[in-house]
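*Asks:* The whole structure should be built from the sequences, with the hints applied where relevant.
2 protein chains.
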Amino acid sequence: MAVRNMQLQTALLPQRDLLTADQRFSTAPSCRFFTSKTSLRRSLSAAPRLCRAVLSTPSLKDESKHQNKEYEDDGRVFNFAAGPATLPASVLKQAQEELYNWRGSGMSIMEMSHRGKEFTSIIQNAEASLRSLLKIPDDYAVLFLQGGATTQFASVPLNLCKPEDTADYIVSGSWSDKAFKEGQKYCTAKVVWSGKSNKYTDLPQPGELSLTPGARFLHICANETIHGVEFKDYPSPGGDTLLVADMSSNFCSKPVDVSKFALIYAGAQKNIGPSGVTIVIVRKDLLGNSQKITPVMLDYKIHADNNSLYNTPPCFGIYVCGLVFSDLLEKGGLRAAEQRNIEKAKLLYDAIDASNGFFKCPVKKEVRSLMNVPFTMETPDLEAAFLKEAAAGGMVQLKGHRSVGGIRASIYNAMPKAGVEKLVALMKSFQERHAS
Amino acid sequence: MAVRNMQLQTALLPQRDLLTADQRFSTAPSCRFFTSKTSLRRSLSAAPRLCRAVLSTPSLKDESKHQNKEYEDDGRVFNFAAGPATLPASVLKQAQEELYNWRGSGMSIMEMSHRGKEFTSIIQNAEASLRSLLKIPDDYAVLFLQGGATTQFASVPLNLCKPEDTADYIVSGSWSDKAFKEGQKYCTAKVVWSGKSNKYTDLPQPGELSLTPGARFLHICANETIHGVEFKDYPSPGGDTLLVADMSSNFCSKPVDVSKFALIYAGAQKNIGPSGVTIVIVRKDLLGNSQKITPVMLDYKIHADNNSLYNTPPCFGIYVCGLVFSDLLEKGGLRAAEQRNIEKAKLLYDAIDASNGFFKCPVKKEVRSLMNVPFTMETPDLEAAFLKEAAAGGMVQLKGHRSVGGIRASIYNAMPKAGVEKLVALMKSFQERHAS
Numbered sequence: 001m002a003v004r005n006m007q008l009q010t011a012l013l014p015q016r017d018l019l020t021a022d023q024r025f026s027t028a029p030s031c032r033f034f035t036s037k038t039s040l041r042r043s044l045s046a047a048p049r050l051c052r053a054v055l056s057t058p059s060l061k062d063e064s065k066h067q068n069k070e071y072e073d074d075g076r077v078f079n080f081a082a083g084p085a086t087l088p089a090s091v092l093k094q095a096q097e098e099l100y101n102w103r104g105s106g107m108s109i110m111e112m113s114h115r116g117k118e119f120t121s122i123i124q125n126a127e128a129s130l131r132s133l134l135k136i137p138d139d140y141a142v143l144f145l146q147g148g149a150t151t152q153f154a155s156v157p158l159n160l161c162k163p164e165d166t167a168d169y170i171v172s173g174s175w176s177d178k179a180f181k182e183g184q185k186y187c188t189a190k191v192v193w194s195g196k197s198n199k200y201t202d203l204p205q206p207g208e209l210s211l212t213p214g215a216r217f218l219h220i221c222a223n224e225t226i227h228g229v230e231f232k233d234y235p236s237p238g239g240d241t242l243l244v245a246d247m248s249s250n251f252c253s254k255p256v257d258v259s260k261f262a263l264i265y266a267g268a269q270k271n272i273g274p275s276g277v278t279i280v281i282v283r284k285d286l287l288g289n290s291q292k293i294t295p296v297m298l299d300y301k302i303h304a305d306n307n308s309l310y311n312t313p314p315c316f317g318i319y320v321c322g323l324v325f326s327d328l329l330e331k332g333g334l335r336a337a338e339q340r341n342i343e344k345a346k347l348l349y350d351a352i353d354a355s356n357g358f359f360k361c362p363v364k365k366e367v368r369s370l371m372n373v374p375f376t377m378e379t380p381d382l383e384a385a386f387l388k389e390a391a392a393g394g395m396v397q398l399k400g401h402r403s404v405g406g407i408r409a410s411i412y413n414a415m416p417k418a419g420v421e422k423l424v425a426l427m428k429s430f431q432e433r434h435a436s
Numbered sequence: 001m002a003v004r005n006m007q008l009q010t011a012l013l014p015q016r017d018l019l020t021a022d023q024r025f026s027t028a029p030s031c032r033f034f035t036s037k038t039s040l041r042r043s044l045s046a047a048p049r050l051c052r053a054v055l056s057t058p059s060l061k062d063e064s065k066h067q068n069k070e071y072e073d074d075g076r077v078f079n080f081a082a083g084p085a086t087l088p089a090s091v092l093k094q095a096q097e098e099l100y101n102w103r104g105s106g107m108s109i110m111e112m113s114h115r116g117k118e119f120t121s122i123i124q125n126a127e128a129s130l131r132s133l134l135k136i137p138d139d140y141a142v143l144f145l146q147g148g149a150t151t152q153f154a155s156v157p158l159n160l161c162k163p164e165d166t167a168d169y170i171v172s173g174s175w176s177d178k179a180f181k182e183g184q185k186y187c188t189a190k191v192v193w194s195g196k197s198n199k200y201t202d203l204p205q206p207g208e209l210s211l212t213p214g215a216r217f218l219h220i221c222a223n224e225t226i227h228g229v230e231f232k233d234y235p236s237p238g239g240d241t242l243l244v245a246d247m248s249s250n251f252c253s254k255p256v257d258v259s260k261f262a263l264i265y266a267g268a269q270k271n272i273g274p275s276g277v278t279i280v281i282v283r284k285d286l287l288g289n290s291q292k293i294t295p296v297m298l299d300y301k302i303h304a305d306n307n308s309l310y311n312t313p314p315c316f317g318i319y320v321c322g323l324v325f326s327d328l329l330e331k332g333g334l335r336a337a338e339q340r341n342i343e344k345a346k347l348l349y350d351a352i353d354a355s356n357g358f359f360k361c362p363v364k365k366e367v368r369s370l371m372n373v374p375f376t377m378e379t380p381d382l383e384a385a386f387l388k389e390a391a392a393g394g395m396v397q398l399k400g401h402r403s404v405g406g407i408r409a410s411i412y413n414a415m416p417k418a419g420v421e422k423l424v425a426l427m428k429s430f431q432e433r434h435a436s
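Here the protein sequences line up with chains A and B, keeping their order. Sequential numbering of the first sequence, starting at 1, is according to the UniProt record's numbering. Sequential numbering of the second sequence, starting at 1, is according to the UniProt record's numbering.
Don't read these hints as lab results, they were simulated from the structure. Accuracy of the hints is not assured; some may be wrong.
A pair counts as met if it fits within one copy or between any two copies, since identical chains are not told apart.
As the list claims (entries may be wrong) - Here are the simulated DSS-like cross-link-like pairs (lysine-lysine), alpha carbons at most 30 Å apart as the crow flies: (1) 117 with 360; (2) 331 with 292; (3) 181 with 365; (4) 417 with 196; (5) 292 with 178; (6) 232 with 284.
*Replies:* This is the structure in structure tokens:
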């Protein structure tokens, strides 16, 4: 924590991510002995004044190479899984260090009463960090729940709708389709746009949508993990219709204007923590109107009234989420995260687009996801050979979802740029060897 | 794991827990240099043949003192929390060691795809260990779910009942009362016995129960965490009425004849792991009849058909549960666990009963819980002074539940005997100083 606090004080690391390449390399060289960002950080904490210029020196010019080496020295693979997904190495190390005895409490976080002062501080800090990251207005409740986004497919209509209400769904992939199907149980759920006929490679244009007048809410999936389509702008349903978004797979990957939404929900296991935690951000004035058949654990008001402690929450998972939130804040918040994600995604999409069709991404360019990059090759055999080579090179979980096949590289917040560069290098080398 | 496997091979440690004191101390002394059970175990793994007699030597005569010292040297407190609760130190250390890079996979378990071979082996091993511990018949499904027992309060009637069915509830404390109230939403829930008028200090005698003919199920809470009453024998509802039990707070604390039950459920955070995992053991022939309004995530058949992988499960929590199950097996299974629990509980109840009313346990002797021991003192001031002294001595979370006050010592599987002995020693000393 001392290191982390010091980093916050120097406030240098976050800013660096916003610098252009030119700015980064414009300062006089010094401290060339630092071999990686991590060791640099450790040293910064010891001598912050001395090293203020370090982060912009040529010694870090090839930062990715260092990241790469650091990963490999540490026995880490580059994990492109769609979720549960890679987490920041520094967060994992802190969680490891604190697992047996959390900050001198004599207990693991897994053993602590959820009503004790230790865990109270953990969940409150996690909420405060998330509020800070997303600039969540005070009239929104933040809930730490269980059950994944799939549970929210039921909770949303149960809490927001009367059974006779209509709710509109944009079906842009497998997840929004599941949300729609579950919604049918609890209201008149209507599909107002579907990407199915185009194999979920596109999203609706603003003018294309014909919403139901008086619909209670419009539901979207902000990023379809399986198909790799992501909303860049969000539809405005207008009138009293509420906008609801499943942001599971792009949550905290970029800034979001929360005030445009009535409700945002997200499973943690993509960008912010381990599986078993689900975040719900909901306008407080919407609470207290759940249907009578709502299980108590799916009633948002119960959880809001009890600060997510109505029953025992998934304490260890919430703790890890809190560490990730702190880490994101230290790295410059969501604007900086977005810039890193744009940079990484560009590397990968550029490689695909420059391959003369050797690699193909089926998704329309305007709606390509920054998080999940699906692509295909000419034959399943080629894809299998590619996956094998990737795994041999320490790049794992690149197989596309079993429902669509192909390759999928999930490059969430915590995927280092070096991982994407290594993947791109393999793609180029593979193409050279296999292109006919 | 090498150590653990070696322990299994020698099969000595489990048996020791079943030895009488005489048997334990009857062997010729040797290996006096071992200062704790843990270091002994480590050494055993290196030289199992040499040390076969060690576990019965006088060097371990005062094992509790060693446990105590070991705890204190390690910075651990004795944590009497009702849940989340203390876990085996060895399990925590293993989880810590493996957190950053699970067994050479290059990933944390928190980062692994739940459909990858690594996690598949983890969840399958956890289920196999639990089946072995509880001797679960093959015609029962074992589900690893989310949401705590409170979610099951809804899931049970939603899966087992039609809306017009009657379900009987024995209300023996706060938890079964909550289960009953939630049940009212989904069937005709009836209280067939209530301990409320006696402040939940008793349980029904077999003859006392007047069940509803044709009731779909009879629901019991096997152990009431707040009030400290525990079923020693289970009622047999007879006819086609199913027996359903919430075993959250005594799950895996003793053997249970699973075949007597249609369904058993338990939150993990008492005896078997961190919060965020809920185990359901359900007869397979009962699946597939859920009410239409059942959220997909509350439908047992969905989870059974998908081996608990319909959506992303709480992977890290399931992993820790698996470690606890292995640990229990290595220590002789549930019969041995029960013996240890009886021994610990006897120490505490004997101290209360021998205090001439200075400490009082309100619960009827025949139904006193082996897991949660509530007791009171003459005044709240005395209780506060006692709690303060206990905390100063490294014994924490002894305050009774906010709804009932007093003291409560939760002494689950992982509470070392030394912790109970230390508590009893404080009770005696405190009484000597404060008895009028």
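*Asks:* All hints are to be evaluated individually against the structure, with a verdict given for each.
*Replies:* Now for the hints, and whether the structure bears them out:
Only between protomers do residue 117 and residue 360 lie at most 30 Å apart by alpha-carbon distance; the minimum there is 28 Å, versus 53 Å within a single protomer. For the identical chains of this complex, residue 331 and residue 292 are neighbours neither inside a copy (44 Å) nor across copies (47 Å), given an alpha-carbon limit of 30 Å. When the C-alpha separation of residue 181 and residue 365 is checked against a cutoff of 30 Å, the pair qualifies only within one copy, where the shortest distance is 28 Å, while the shortest distance between copies is 53 Å. In this assembly of identical chains, the alpha carbons of residue 417 and residue 196 never lie at most 30 Å apart, being 33 Å within a copy and 61 Å across copies at closest.
With identical chains, the CA atoms of residue 292 and residue 178 are at most 30 Å apart both within one copy (23 Å) and between copies (16 Å). Within a single copy, residue 232 and residue 284 get their C-alpha atoms as close as 26 Å, which meets the 30 Å cut-off; across copies the closest is 46 Å, which misses it.
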